[in-house]
Amino acid sequence: MELYLGVDVGSVTTKFVLMDARKNIVASCYLKTSGDPIAALKEGLKYIKAHFPPQGEIKAVGTTGSARHLAGVVVGADIIKNEITAHAVAALTRVPEVRTVFEIGGQDSKLIIIRDGVVEDFAMNTICAAGTGSFLEHQAVRLNIPIEEFGKLALQAKQAVRIAGRCTVFAESDMIHKQQLGFGKAEIIKGLCEALVRNFMNNLATGKRIEDPIVFQGGVAANQGIVQAFRDFFGGKKKIIVPPEHGVMGAWGAAILAMEYAPARTAFQGFEVIEKSFKNFSFNCLDCPNSCEVVVLEEEGEVKALWGSRCGKWTPRSVTQKFKEDLSFVLEREVAFSDETQSSGR
Amino acid sequence: MKATFPHLLHLDVALGFLYSSLGIDVVYPPPITKKTIDIGVKLAPQNACFPLKVTLGNFIESIEKGADTLFMAGGVGPCRFGYYAQIQRIILEDLGYQVRFVLLDHPRYGWIPFLQALRAMSGRVLSPLRLKRTVSLAWKILRFTEDLEAQRRALRCRVVDKDLLDNVIDGAIDRLRSVSSEAEFERIKREAEEAINALELHEAQKLLRVGIVGEVYVAQEKRINFNVEKLLGDLGVYVHNSVSTVEYVLHTLPFTKSKEKLEAWQMAKPYLRRFVGGEGIDSVGSTIRYAKQGFDGVVHLYPFTCMPEIVAKSVLTRVKEDFNLPILHLAIDEHSGEAGLITRVEAFVDVLERRKMNSKEKVEVW
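In the order they appear, the protein sequences are chains U and A. Each step along the first sequence adds one to the number in our numbering, with nothing skipped, and position 23 is 23. Each step along the second sequence adds one to the number in our numbering, with nothing skipped, and position 64 is 64.
Mixed in with the good hints there might be a few duds.
Partial chain A-side listing against chain U, Cβ under 10 angstroms, derived [stated by the list, open to error]: (1) Gly77; (2) Tyr83; (3) Gln86; (4) Arg89; (5) Thr252; (6) Thr317; (7) Arg344; (8) Asn358; (9) Ser359.
Keep in mind that the hints were calculated from the coordinates and are not lab data. Keep in mind the model is a prediction, meaning the values are calculated, not measured. Quick reminder that beta carbons are idealized off the backbone N, C-alpha and C, glycines included.
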């Protein structure tokens, strides 16, 4: 059985999809990244290993998401793609006639315009996270409601309270103000959902023609309150589809892209990765005033990859060489690093 | 007098030659780095344009190296560029720096200050003939640095060894810094061209072609715009940049005009007739020119809050629809995140690739 693995490591969650050659999802999981993408990757691989069909064989691996390059090195990817392409490909597979994709994740939101099965235009939030999952989660904590209950509660509201949703902090003060005025929780939540939708439309959809069917995906699509708010925004005139796989669409798209790419031999590192030890550390290169922060990934004590060197002088070989030549280089950095953590920990 | 000037790509090569040939001591501003930007951001008003902040950083770093005279260009118009020099002068005065600010404004706003500034910039009196020769060689140097960058953009997508390409081009630009005569310049130019022609190239496939339009500083200065050109080149895209200092200077000087700019302005006419300041019309016109030349997409680079380019951006929405040409707008300032920018550029290239694939399939069906 030929299988394809897609991995989507986002800022808040990590998603895995195992797909067969007919693009059907065999296994998938949705985990919290919790600031440790490597641990999340290992956990995801464990899940996939446990649900791996007998006689299955991974033919290709694709990674996407903000930590796609890291995931690509750790898991061994044949193709590393940006989230926008991955999401569009998955939406097109699920709903071939799709014309617009809304994707709202933990810290960013995307709008993808598709015409005749091809991405024509896209927008991504760049300056503000007020229209994303983190915003909702923050407000849920503030209202002392589990995020899972959030959407359901919004549906119970008889009316919405208008909340200023342009900025997270001001939304919060406006929300407190409305609470003090005596509005109920359900009404306030509905107001928040509408504020998020307004923010999304203002930030991303300006100057773009939104045509249906619209596929709404990403973690926030699980929130019925938001889905309803989108429907209300369009006055019920546009068809909005929330696919059951909405949470793992990015990973699914990565798997599909990996299958399309069809490498002769996959770069997949195997499930042994779960047992391997990875170490992530960084140092500030002080050779020029750019003072790049170089992030190094070590696998079993060997430098495997690095990021953040602007001039390109740091390669796995040169970093290893530098470590060997100059132990003080490492120690110095470590000292500097721990100083920094101490001062910021105060 | 120890003179300095702000960076704009490789302008320092040409200006360095010009001023030192005129007998002026030049203090070269250190290359633009994170430190330069940090200094500018700290000292400039928060909502000033990004280029003002970066050039202010250049000035401070140069003053610390011993410069006492600052050369800066100016202008008056809807664009805030006209205020740069004035604001920077006031900031430097407030900080207590004892420096002379020589502002080269457009003669339209007074011939006397224009000539005075020119006189300050021309140093020791030279014979008119030598002056002419020096200026013309400086001009050639500037042109050639731009040619080299154009070659880098065009070849990056095809060259086998990308590092070698960078070495050849950076090496040639470095050698230009020590030019002292016309003959030497010609030799460096010839050798650089030979080295570029000797580069091993991949077969010319049907490459994606992307044009760059936008504000004169941000669209050119690679150290500010996250080197979008390189990013595109590494993704296998042929890049052309419509923005050039040579054309800018030609169009600003009183007796010369830039043919390229006039052409772009003409093309922009159905969409934008009025001069909106800066390079607003150029961005619109150049985008239309790229569309007519069959480019696959356009990247629009401008400083965050740049008024002329915001006007252009709104106008480009129409151009985009009429010519069915994808445009990626990138606003740059000190808050721009590299990861988000890379994601958008990669996604943009994917869009172009899939569109091209799709149109090919359609042709085959017919």
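Structure-based check of all given hints:
1. Interface restraint check for Gly77(A): the shortest CB-CB distance to chain U comes to about 26 angstroms, outside 10 angstroms, so the restraint is violated.
2. For Tyr83(A), the shortest C-beta to C-beta distance to chain U is roughly 24 angstroms, which exceeds 10 angstroms, and the interface hint is violated.
3. Given hint, Gln86(A) at the interface with chain U, is violated; its Cβ is 28 angstroms from that chain's nearest Cβ, farther than 10 angstroms.
4. About 25 angstroms separates the beta-carbon of Arg89(A) from the nearest beta-carbon of chain U, more than 10 angstroms, and the hint is not met.
5. Evaluation of the Thr252(A) hint against chain U yields a violated restraint, the C-beta minimum of about 32 angstroms exceeding 10 angstroms.
6. Look at Thr317(A): its Cβ gets to within about 5 angstroms of chain U, closer than 10 angstroms, so that hint holds up.
7. A hinted interface residue such as Arg344(A) counts as satisfied when its beta carbon comes closer than 10 angstroms to some beta carbon of chain U; here the least separation is about 6 angstroms, so the hint holds.
8. Against a cut-off of 10 angstroms between C-beta atoms, the interface hint on Asn358(A) holds, since the closest Cβ of chain U lies about 5 angstroms away.
9. A hinted interface residue such as Ser359(A) counts as satisfied when its beta carbon comes closer than 10 angstroms to some beta carbon of chain U; here the least separation is about 9 angstroms, so the hint holds.
Of the hints listed earlier, those the structure fails to meet are numbers 1, 2, 3, 4, 5, in rising order.
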